[in-house]
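Since the structure of chain A is provided, determine the placement of chain B on it from the hints.
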Amino acid sequence: MRQIKRYEFLLEAISPICHHSETFGNSAIAMRRRIRQPDGSFVSVPIVTGDTMRHQLREAASYALLDAAGMLDDPSLSEAALRLLFAGGMITGKGDASAVKFSEYREMVDLVPPLALLGGCAQNRSIPGRLQVDDAVLLCDETRSHWPDWLAQHVEAQGIVIDTCRAHVEEVQRVRMDPGLSPEKRAMLTPKAEQGLLGRIGANEAASESGDVVAQRDTKSTMMPRRMETVVAGSLFYWGLSAVCVSELDVDTLHTMLAAFLANPIVGGKRATGAGRMRPVVARDIKVARPSAESTALELIGPGSGFGERFAAHVAARSEKVREFLGRVDS
Amino acid sequence: MSSLGASTARAGTTCESGEPLRVTATIAGGISLPDGQLALDSLLAAAVALSEGLDPPAHTESPEFVEIEIPVQREPGGKFHLASFSISTPDAFETDWLNRRFPIEEGQALGGPKLRRVSLGTGPGKSYRIPRDRRHLEHDRLTWFCVGDAERIRHLLEWCPYIGKKRSVGLGRVREWRVETVESWGDGFPIVLDGRPLRTLPAEWPGLQDPVIGYRVLSYPYWAHTRAQLCAVP
Numbered sequence: 001m002r003q004i005k006r007y008e009f010l011l012e013a014i015s016p017i018c019h020h021s022e023t024f025g026n027s028a029i030a031m032r033r034r035i036r037q038p039d040g041s042f043v044s045v046p047i048v049t050g051d052t053m054r055h056q057l058r059e060a061a062s063y064a065l066l067d068a069a070g071m072l073d074d075p076s077l078s079e080a081a082l083r084l085l086f087a088g089g090m091i092t093g094k095g096d097a098s099a100v101k102f103s104e105y106r107e108m109v110d111l112v113p114p115l116a117l118l119g120g121c122a123q124n125r126s127i128p129g130r131l132q133v134d135d136a137v138l139l140c141d142e143t144r145s146h147w148p149d150w151l152a153q154h155v156e157a158q159g160i161v162i163d164t165c166r167a168h169v170e171e172v173q174r175v176r177m178d179p180g181l182s183p184e185k186r187a188m189l190t191p192k193a194e195q196g197l198l199g200r201i202g203a204n205e206a207a208s209e210s211g212d213v214v215a216q217r218d219t220k221s222t223m224m225p226r227r228m229e230t231v232v233a234g235s236l237f238y239w240g241l242s243a244v245c246v247s248e249l250d251v252d253t254l255h256t257m258l259a260a261f262l263a264n265p266i267v268g269g270k271r272a273t274g275a276g277r278m279r280p281v282v283a284r285d286i287k288v289a290r291p292s293a294e295s296t297a298l299e300l301i302g303p304g305s306g307f308g309e310r311f312a313a314h315v316a317a318r319s320e321k322v323r324e325f326l327g328r329v330d331s
Numbered sequence: 001m002s003s004l005g006a007s008t009a010r011a012g013t014t015c016e017s018g019e020p021l022r023v024t025a026t027i028a029g030g031i032s033l034p035d036g037q038l039a040l041d042s043l044l045a046a047a048v049a050l051s052e053g054l055d056p057p058a059h060t061e062s063p064e065f066v067e068i069e070i071p072v073q074r075e076p077g078g079k080f081h082l083a084s085f086s087i088s089t090p091d092a093f094e095t096d097w098l099n100r101r102f103p104i105e106e107g108q109a110l111g112g113p114k115l116r117r118v119s120l121g122t123g124p125g126k127s128y129r130i131p132r133d134r135r136h137l138e139h140d141r142l143t144w145f146c147v148g149d150a151e152r153i154r155h156l157l158e159w160c161p162y163i164g165k166k167r168s169v170g171l172g173r174v175r176e177w178r179v180e181t182v183e184s185w186g187d188g189f190p191i192v193l194d195g196r197p198l199r200t201l202p203a204e205w206p207g208l209q210d211p212v213i214g215y216r217v218l219s220y221p222y223w224a225h226t227r228a229q230l231c232a233v234p
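Note that the protein sequences, when read in sequence, are chains A and B. Quick note on the numbering used here: the first sequence kicks off at 1 and runs consecutively. Quick note on the numbering used here: the second sequence kicks off at 1 and runs consecutively.
If we strip away everything but chain A, and leave its shape as in the complex, we get:
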C-alpha cells in the first residue's frame, strides 16, 4: 500500500485568534502571508502558519502515543525524549552520523509511528518526514481566487457572506495592572514595603510635574498596556495537508493525530485567556496519487469515529520497548 492522502478542512475560529508575526513596541502584528490577486497584485492576508498547524499535530500525536503506552500518568521523560516528541528533536553531534543505520530507523518508526510521518532528529541524524501541512488561510475576498472548487460550492450553498481580510482583523488592548496602585492591595504590604512604594509614587509625580523624563522612567509603575491585532471570532480558515502513507498503520496514525488535534484545536497565543480556539466545520478527503481516485466528502474526523484503534493497539503492544527507547534516545 502506497498512497498520498490529502485532507482539506474548513475551520472556524470560535474565539479570537492571536497569532502574531512580530511586535513593534507594545503592538503585536497578526501573522500574514502575501496572496496574489487575479490582477497580479499582492495582498497580505492573515493566516495561521503551516509550522503552527504542524506543531499542533505533532503535539497531538505525541500525547496520543504517551497515552497508548501508558506513560501519561507516570512522568518519566528525559530532556531528549521531550525534545523529540514535542519539538522534533535536535542533531546533538553525539555519536557517529557518517553511517545511516536503517535497522535503527525501522525500529524507531515502529516504536514511535508519528516519527515516520512527521520526521525529526534522533540518534544524531535527521529523519525525513512524509507529511506536508499547509497554512490555514483566512476565507476573505482576497483569497477567493485560491479556493478549491468544493470550498467555493460550500460557501455558495451555505450562503456564507465573505468580506475583506481587513474586516476580520481588530486591534485590541489589554493592560497588566500595577497592584501597588490599588489602596486595598497596598494595605497588605509590610509598613516598610508600603513606605517604599509610596516614595516611588511620590517621586514619579514630582518627576512628571518637573518634566524630568529620566526620573519619570526610573520611577514609573509596572502597569503595562499593550495592543495586539486579532482575527475575530467566527472567521473561517481553509486548511489542508498531504501525507504519503505506506501502511495501514500510517493511515491510522494520521487519523489519530488529526482526530486528537481537531477534538480541541487551539492555535496561537493568549490561550490562557481563551484565545485561539477553533472547530472543524467541513472536512474533505482527496486521494491524489491514484488516477482512479475520486474526491469524496468524509464525515468530520472526531472522537468516536473509530479512528486510532490500530495505532493504540500497536503502541500498547510495544509499550515497554517505547518506554525503553524514549529513555535512551539521543535527540
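Honestly, the hints are just simulated from the structure, not real lab data. Here the structure is a predicted model, which is why all the values come from computation and not from measurement. Do not take every clue at face value.
Beyond 10 Å from chain A on every Cβ pair, some chain B residues (computed) [what the hints assert, rightly or not]:
#, residue
1, ASP133
2, ALA150
3, ARG178
4, VAL179
5, HIS225
Okay, derived cross-link-like pairs now, DSS-like style, lysine-lysine, Cα gap no bigger than 30 Å in a straight line [unchecked claim]:
#, chain 1, residue 1, chain 2, residue 2
6, B, LYS126, A, LYS321
7, A, LYS220, A, LYS185
8, B, LYS126, B, LYS114
9, B, LYS126, A, LYS270
10, A, LYS5, B, LYS126
11, A, LYS270, A, LYS220
12, A, LYS321, B, LYS114
13, B, LYS165, B, LYS79
14, A, LYS94, B, LYS165
15, B, LYS165, A, LYS5
16, B, LYS79, A, LYS94
The beta carbon of each residue, even a glycine, is placed where N, CA and C say it ideally should be.
Same frame as chain A, now just chain B:
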C-alpha cells in the same frame, strides 16, 4: 551509465528513446528555492524512491545506496539526463520565520525526576528564530524541458504534490502538473538554449557560449558534493 560508490542496487526504469517534452508546475502560493532552481531529474528520482518505498537516502559510498533510474533519456555518454533545471522568474519575495523553543510546559508535566534543569540559551535546548525566504513566481509557474516518456513522467509527478524546500509546512504546493509534447528548438534541446546551459553541464559541452564555470555536481543526487566538478553553470 555512470556508477556511484559501491552500490549495485537499482530502482526505476530507463528511457532509451524519448520525445521532446515541456513539464510545467503551477504553484499555489509561495515556494522556497534557496538555489533558485529545481532539477527535474532529481525530482523524478525522488518520486521513484517514494513510489517504490526506498528507505531514506544513505551517503553515496554506502553499500546500501540505491541507484535510481528515471524515464528521461540520458546524453550519449550516459553521464547525466537530458532534462533542464527549472526556468522561472521571481515576482515577489517575503520572509518567514522558523521558531523553535524547548517544550517547557510538557517538561513540567511529563519530565522524569532526572530532568532538573534545561538550558534555553545554549546547547540542544536552545531556542532560535531563523529567517527563510518565500518567493512568488511569475504566473506561479516553473517550467522544465526534457526528452523522455511523457506517460511515465506524468505518473511519477503524481508523487510530488509539493516541491522545493520546507514542503513540510506547505511551501511549494503544486496546483497542477502538465507534461506536454513540444517542438524541439533544434541543437541543444533541452539543455542548451541560445548558447546558455539550462542545467549543469561539462564545461566543454558543445554549443555553449562563454558559460559561467563553477564547481557543481553533474547529476543527481546533487547533495553529494564530494562529486562536484568544474561545470558550466545555468
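Status of each hint after checking the structure:
no. : hint                : in the structure
1   : ASP133              : 12 Å, holds
2   : ALA150              : 14 Å, holds
3   : ARG178              : 15 Å, holds
4   : VAL179              : 14 Å, holds
5   : HIS225              : 15 Å, holds
6   : B:LYS126 x A:LYS321 : 29 Å, holds
7   : A:LYS220 x A:LYS185 : 18 Å, holds
8   : B:LYS126 x B:LYS114 : 19 Å, holds
9   : B:LYS126 x A:LYS270 : 23 Å, holds
10  : A:LYS5 x B:LYS126   : 34 Å, violated
11  : A:LYS270 x A:LYS220 : 26 Å, holds
12  : A:LYS321 x B:LYS114 : 20 Å, holds
13  : B:LYS165 x B:LYS79  : 26 Å, holds
14  : A:LYS94 x B:LYS165  : 26 Å, holds
15  : B:LYS165 x A:LYS5   : 20 Å, holds
16  : B:LYS79 x A:LYS94   : 37 Å, violated
Of the numbered hints given earlier, the model fails hints 10 and 16; all others are met.
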